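Peer 1: Going down the list, the protein sequences come from chains E and G. In terms of the numbering used here, the first sequence opens at residue 197 and continues consecutively. In terms of the numbering used here, the second sequence opens at residue 11 and continues consecutively.
Just so you know, these hints were derived from the structure itself, not from any lab. Do not rely on the hints blindly, as some may be mistaken.
So, partial list: chain G residues that the calculated Cβ filter (under 7 Å) puts toward chain E [to be verified]:
| id | residue |
| --- | --- |
| 1 | F70 |
| 2 | K167 |
| 3 | G241 |
| 4 | F333 |
| 5 | Q340 |
None of the values given here were measured: they were computed from a predicted structure. Glycine is no exception: its CB is placed at the ideal position from the N, C-alpha and C atoms.
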Amino acid sequence: MANIQEKIAKLCQEATFEEGQDLLVCVPDSKWHALAKSLKEELHFDFLVTIVGMDWTDKLGCIYYLKSTADNAMISVKVTTEDRENPMIHSVHDVWAIATTFEREVYDFFGIIFVNNPDMRRMFLSIDWKGYPLRKDYDDSPEINPVPKENERQEDTTVSYVETEDGKIEKKTINVFEPNDFVVNIGPQHPATHGVLRFRTAVDGETIKKIDFYSGYIHRGIEKICEGLTYPQTLHFMDRMDYFSGHHYHHAMCMVYEKALGIEISRRAQVIRVLMDELARIASHCLFLGTYCMDLGATTMLFYTLRVREQILDIMEKTCGARMTFNYGCIGGVMQDLHEDFVSDVKELLAVLPKNIKEYNELFIGNVIAKGRLENVGTLTREDAISYAVTGPSGRASGWACDVRKTNPYSIYGELDFEEVVYTEGDSMARTKLRIAEMEQSARIIEQLIDNIPEGEYCVKVPKVVKLPAGRWFQMVEGCRGAFGVYVESTGGTSPLRLKLVPPCLPLANVVDHLTRGTKIADLITIGGSLDYIVPDIDR
Amino acid sequence: MYEITFATITNWIDTFLGKYMPEWLVTTVECLLIGVGLLLVYALLALFYIYFERKVCAAFQCRLGPNRVGPWGLLQSFADMFKMLIKELITLKHIDRFLFALAPYLVIIASMLSFACLPWANGLQIIDFNIGIFFLIAVSSIGVLGILLAGWSSNNKFTLIGALRSGAQMVSYELSIGLSVLTMVAFAGTMSITGIVEEQKDLWFIFSGHVPAIIAFVIYLVAGTAETNRGPFDLPEAESELTAGYHTEYSGIHFGFFYLAEYLNLFIVSGVATLLFFGGWMPLHIPGWEGFNAVMDYIPSVVWFIGKAIALSFIIIWFKWTFPRLRIDQLLKLEWKYLLPINLVNLVLMVIIIVFNLHF
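One chain only, chain E, in its complex shape (with noise of 0.2 Å):
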């Protein structure tokens, strides 16, 4: 770490830093710019995690997280910006892909203008929102934003601030398409679409020539009401993400704050975690394979996958008393004991998971419809998965080795044996067969465990009001769909300052519009399909 300071000072003199979980480097806004290019082409941090927007009630900015892909290092660096009327922080799109939109979620939240992004526009709310909600200083009263009686209203340009050559910025108007072309609107009420998610899709014909992905039907500002709630209180939005990865997403967010907290969990709960995080990836995938193919018109599949979706499903019924929000995880353990009956469910689940597995590789990825249809289509390279952040089994399956349980291993995954799964062509195939190789190796994970749950408690003694010191942590995980993070600032209070979730499919939805271009309707499903982005998670 302390080479990489060393490193960074060289590269920028104004930088300081701060030190905390991760290295903090703080840089002034001018400098920022050319300090990304070479942290990413010098020092090889080509992946951007999250851009976390932050209100210092003194300040603005943004805490950028940054990951190397060679030695799996995180920094973060923080650019800040005092004007409150009219803040402005340099625009990194140009640098990595996502930050485009990244940025643009932070734009909405925080009124942070990116100069040279080259869309400035509101991403999860109405164009006609007024107030940045995210700030401290936001008046949320229903006189400002009624509720709204009309249609929504909706532009066809965008707004860009560019730099010119002698440091004025003046701002420039887009269009989002062509003026000729025919638009089709996909979604956001699309059997395709996996949610209320939008795609304006310019077509030629068949053809796809631009997507404009359009979401924020279903935000519900998770992050703005955690600001009001307790820490215990505000876990239970974890479930209403991403759906299926709620262990996960339970299992980062207690960590952080365990961690901040300094508990130690028993192995007990550490083992449940692990197994209900495992057996989740497994539904998951199952329901992803299932409705994949039933997108792709092969109906009959979908049963056969939630055959063993439902068995999971019932084991998690047993234990955590639901079968979709399990809300299981909490602070110090988990909400409840294992159920009596669970060993031996989990035992009958591994007992028929390989016959259904080899019945799906036969039905569907052998089937020569289906090879025509997924093999080299939507084709994403390593280059373009890592700035495009494209994490999870879509990454994976390009061949970029990013499961957090390998990179960075959290909980009990760096003492358990498994495979992570990387394949490098990068098409819709590989993304699919993917998962179901996957689905293999957490059922090794599960088997590992199944027999040596140790005994002991499942929960350990927390204090009834939870107060996180003063700090930042950040922690991720891998879920169903990728990496998920949670980043938590505190003032030593029993709420936080400001909660950032880091959700996986807002680059998976993001990757839409390069992926499709110049390739048919009937591959934006495909596409779409294979990279599996769960609506809820994108909107938060």
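On the provided structure of chain E, position chain G as indicated by the hints.
Peer 2: Structure of chain G alone, referenced to chain E:
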């Protein structure tokens, strides 16, 4: 040889009516009777097919299928039909009203006209003349007009794309159907539907026609599935891409017409395949096995025809519930690059077999 022939019944009705009415009135009454009968059979068969497909697909998908309305859910499709009949016809703004209303009728008329050409049983056939099969191909291709009109007049981008897909698909696959039918017509030596059935009284064409008949059958089955817009060729109504394709905007009985026509086209395609390859209503005869042939003759010809058609439909339904959907370019590639050349070669092969008398 064929004791049970429906001609006796129809002749009897004709003479019976002739006793009491002038000739022009007899013709009118007979036409009306046939029309009503046709409609009734059409509707009942469609209902049966809806039930049949649901049960078959349920079996494939480890489900039970309809089982609440009536014994074994038999009345489910009747209930559905009544629901469809009493539903409101939603009027849309900014559409071409005349064409929008016309489209479902074109589709259903095309389907009914081809339905009337089928050789139901010995002596039971409505439209029968010397170019019967030619007429059948001609009327069945009117349906695509209805689909194009539906897609165009709905003033909706999804329906338009669906209609364009459908147009490209149907025009292409009509070629394959035409050529494989031509292969069999060349073999039969006649275009008359009764003629083709009569030709198969000793052995069905699929057995007597050698390799080219089998190739023609496989191509016909693939192209026929495409003609009926069924999976894996259901691109015009690909629900995950275009919501419901060309009939997205239709409601009530207008939607019902599209729905009925789709199921009946399934029956018609299987019926024509039965006619061309499996002897129409002819019982299964094997030359030399006199006893067996006599037993087979006891099964009524109408059972033979409907049974064979349903068995073939089962295969087409099986396709749908197993395969994923093709993409439009793959669909056209399959037709123009593979099926069409194979079909042309097959036709030449068939001619060689006929000329040199190599068939059974």
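Peer 1: Hint by hint, say whether it matches the structure.
Peer 2: Tested hints:
no. : hint : verdict
1   : F70  : holds (5 Å)
2   : K167 : holds (5 Å)
3   : G241 : holds (5 Å)
4   : F333 : holds (5 Å)
5   : Q340 : holds (5 Å)
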